[in-house]
Amino acid sequence: EAGVTQSPTHLIKTRGQQATLRCSPISGHTSVYWYQQALGLGLQFLLWYDEGEERNRGNFPPRFSGRQFPNYSSELNVNALELEDSALYLCASSYLRGPSYEQYFGPGTRLTVT
Amino acid sequence: AQSVTQLDSHVSVSEGTPVLLRCNYSSSYSPSLFWYVQHPNKGLQLLLKYTSAATLVKGINGFEAEFKKSETSFHLTKPSAHMSDAAEYFCVVSDASGGSYIPTFGRGTSLIVHP
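Sequences listed follow chains A and B, in order. If you count the first sequence from 1, position 26 lands on 26 in this note's numbering, and the numbers rise without skipping. One rule links them: number in this note's numbering = place in the second sequence (from 1) + 1000.
Treat the hints with care, as some may be off.
[Stated by the list, open to error] Restraint ranges, calculated between C-beta atoms of paired labels, are given here: (1) A/P8 <-> B/P1018: 36 to 46 Å; (2) B/H1082 <-> A/Q44: 24 to 34 Å; (3) A/T20 <-> B/G1016: 38 to 48 Å; (4) B/L1046 <-> A/P8: 23 to 33 Å; (5) A/E54 <-> B/S1080: 40 to 50 Å; (6) A/A38 <-> B/K1058: 24 to 34 Å; (7) A/Q17 <-> B/M1083: 35 to 45 Å; (8) B/T1072 <-> A/H10: 16 to 26 Å; (9) A/P70 <-> B/M1083: 38 to 48 Å.
[Stated by the list, open to error] A partial selection of chain B residues facing chain A, derived with a Cβ cut-off under 10 Å: (10) N1041; (11) F1090; (12) S1094; (13) I1102.
I should point out that these hints are in silico values taken from the structure, not numbers from a laboratory. All C-beta atoms, glycine included, are put in the ideal place defined by N, C-alpha and C.
Let the sequences and hints guide you as you build the complete structure.
Structure representation (structure tokens):
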């Protein structure tokens, strides 16, 4: 069974540009979560999609947005990039929604903003 | 509201000695608790989880954790460290507060294993 995949592996952008990150969940998983892992800050929750709808978002500005497609894959868009957006962006999927269901993580996309 | 505190940012052990990574949590509901491991430049992998069944939970690679409600702790242990255990470990709490189902991650503990 294929795990969660993310693309691209690395992404280099300049300040003010837009970045698009993609995630494919494990087959059968309908929930997709996005996290930002900046150096020294741990994992910060960004967005949660389930059944094509945005269910929750973390404490991030509106220039962080995304969507979930009918096949449950997802993309994260970051507009007007700032230097502090440089981080590892992790996508996770889960089979069902609920606090007791573990998340399965992809390898991440390393975004560097110069 | 839920929160989690990993009491040590770094833990250093010698190969073959026991490992203890400490985690305290706070939750208004009956929480689910998880430990994940992250090796360098990799995503997170689930080690084990507690969901109100047995309080002693066994995970992969010889790790286990004990849920202690009275102490609001969920410490991760392993009897004998291996070099391959060197990684970042995250304690995670999740409950149904507000129906959000969004887990809260600890800041992580870096496990260093010396030969």
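Checked hints:
| no. | hint | in the structure |
| --- | --- | --- |
| 1 | A/P8 <-> B/P1018: 36 to 46 Å | holds, 41 Å |
| 2 | B/H1082 <-> A/Q44: 24 to 34 Å | holds, 31 Å |
| 3 | A/T20 <-> B/G1016: 38 to 48 Å | holds, 47 Å |
| 4 | B/L1046 <-> A/P8: 23 to 33 Å | holds, 25 Å |
| 5 | A/E54 <-> B/S1080: 40 to 50 Å | holds, 45 Å |
| 6 | A/A38 <-> B/K1058: 24 to 34 Å | holds, 33 Å |
| 7 | A/Q17 <-> B/M1083: 35 to 45 Å | holds, 41 Å |
| 8 | B/T1072 <-> A/H10: 16 to 26 Å | violated, 40 Å |
| 9 | A/P70 <-> B/M1083: 38 to 48 Å | holds, 45 Å |
| 10 | N1041 | holds, 8 Å |
| 11 | F1090 | holds, 7 Å |
| 12 | S1094 | holds, 4 Å |
| 13 | I1102 | holds, 5 Å |
Consistency with the previously given hints fails for number 8 only.
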